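The listed protein sequences derive, respectively, from chains A and B. Heads up: the first sequence begins at 5 in the numbering used here, then just goes up one per residue. Heads up: the second sequence begins at 167 in the numbering used here, then just goes up one per residue.
Calculated directly from the structure, the hints in this document are not laboratory data. None of the values given here were measured: they were computed from a predicted structure. Hints may contain errors.
Chain A is faced by these chain B residues, among others (derived, beta-carbon under 10 Å) [said to hold, decoys possible]:
{"hint": "1", "residue": "Val192"}
{"hint": "2", "residue": "Gly199"}
{"hint": "3", "residue": "Arg257"}
{"hint": "4", "residue": "Pro259"}
{"hint": "5", "residue": "Ile293"}
{"hint": "6", "residue": "Met295"}
{"hint": "7", "residue": "Val304"}
{"hint": "8", "residue": "Ala311"}
{"hint": "9", "residue": "Ala355"}
{"hint": "10", "residue": "Glu368"}
{"hint": "11", "residue": "Asn369"}
{"hint": "12", "residue": "Leu408"}
{"hint": "13", "residue": "Phe457"}
{"hint": "14", "residue": "Ser459"}
Quick look at which bits of chain A chain B covers, simulated, 3 or more residues with Cβ under 8 Å [claimed, not checked]:
{"hint": "15", "segment": "40 to 49"}
{"hint": "16", "segment": "59 to 71"}
Cβ coordinates follow ideal geometry from the N, Cα and C atoms, glycine included.
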Amino acid sequence: MEQIADIAAGNLRPGELERAQESLKGRIMLSMESTSNRMSRLGKSVISDTELMTFDRIFAEIDAVDTEAIAELATVLLPTERLSASGVGADENRFRAAVARANSALVARAAA
Amino acid sequence: MQKYVLSELDSGERVISEKVASVRSVSLGFWIGAGSRDERDGRAGVSHFIEHLLFKGSRSYDAQQIAETFDAMGAELNAATSREHTVVYSRVPDRHVDEALQVMTDMVFAPRFAELDQEREVVLEEIAMYEDTPQELVHDLFSQAVFGSHALGRPVIGTAEVISTISRRAIAGYHRSMYTGPNIVVSAAGNITHERLLALLENAERRTGEPSRPVPRVRRPLARTPSPGLRFQRKDTEQYHLCLGAPGISRSDRRRFAASILDSILGGSASSRLFQEIREKRGMAYSVYSFASQYIDTGLIGIYVGTRE
Chain A
5 MEQIADIAAG
15 NLRPGELERA
25 QESLKGRIML
35 SMESTSNRMS
45 RLGKSVISDT
55 ELMTFDRIFA
65 EIDAVDTEAI
75 AELATVLLPT
85 ERLSASGVGA
95 DENRFRAAVA
105 RANSALVARA
115 AA
Chain B
167 MQKYVLSELD
177 SGERVISEKV
187 ASVRSVSLGF
197 WIGAGSRDER
207 DGRAGVSHFI
217 EHLLFKGSRS
227 YDAQQIAETF
237 DAMGAELNAA
247 TSREHTVVYS
257 RVPDRHVDEA
267 LQVMTDMVFA
277 PRFAELDQER
287 EVVLEEIAMY
297 EDTPQELVHD
307 LFSQAVFGSH
317 ALGRPVIGTA
327 EVISTISRRA
337 IAGYHRSMYT
347 GPNIVVSAAG
357 NITHERLLAL
367 LENAERRTGE
377 PSRPVPRVRR
387 PLARTPSPGL
397 RFQRKDTEQY
407 HLCLGAPGIS
417 RSDRRRFAAS
427 ILDSILGGSA
437 SSRLFQEIRE
447 KRGMAYSVYS
457 FASQYIDTGL
467 IGIYVGTRE
């Protein structure tokens, strides 16, 4: 949770954003060396009616992401009160205690 | 650059392909817009069950012939079901494309739904296997926690009650209503031209029969996100398996690139925050990562950790 809050506060470390951008572009390039992945990309986008972007555009979109966009997204998507939780394990009380550290309202509501 | 050609057949099926001249194979996929979110509660798991049954025989080929045909080509044939679609796919040497397309067309459009009771047992075993795999089970519980009673909250594999009782009639009815021309996409990448692909497909469909007439279908959108939920299943496991997260963004959301980068920074790799902090510095877990899935109208974003503490 500390890490999410840190990102939401806009505290990216030097090189962190660039590394993630290069990593994403690299993974796309590597995956596109497989015809199975190329076939999947085509099929999946048509069946789900999503736009098939050129790789140039995808890479440009990735390069355009900045620290503010990441921070805003972390703030909008992962604020404490929005968090759901699931668990598998031996003791439900220990699970609830752990979740309560992230979202105490969720556990309180479930207990009510 | 991916240079593809997209066209539509009279039956409403869309065909998209890309020629990759540097290989001697073709990857083929039949994509059907039928996934677990398209099922009613009383049919939970039927999309995935049908995916299994497609391999059990079709109008012109029995199960063994299907398996032998692809083995004899040195080809792979497999399938998968998700919340929003089913796909049957293969990768075959280019000189066998014609035969592969004929068999796949017959499997997808004209399944016999043979050996039903035997395959029920196989899927029931698969459900039991998930139950015994806490690191998988916790993700299904997480979808339930986030999406509540909406069909997106249900596991793709469905429930043992439905799989053990669903009738052949109900299965065939679902197949008829979902495996329609406009709800099917054929995609290919490899050493084949679009024209040849179209010709082979049309030929294969002449033999099998075109897909059934389209029936209007409704996919229930996630109108309102339910309030955050909590789900726990007690199991005598050594570790606790935990997911924490929230609804994410949809497949077409412009912020999806930022979301991928957020996922990557947070827990998508060995240099990510969670991996470095929880595993490398604190030694608290072997497996820790973040995940992000996208659906047509929503998504999921979260983190997983397995730990004894």
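Check your understanding: Of the numbered hints stated previously, which ones are contradicted by the structure, given in increasing order?
Key -> 4, 5, 6, 10, 11, 13, 14
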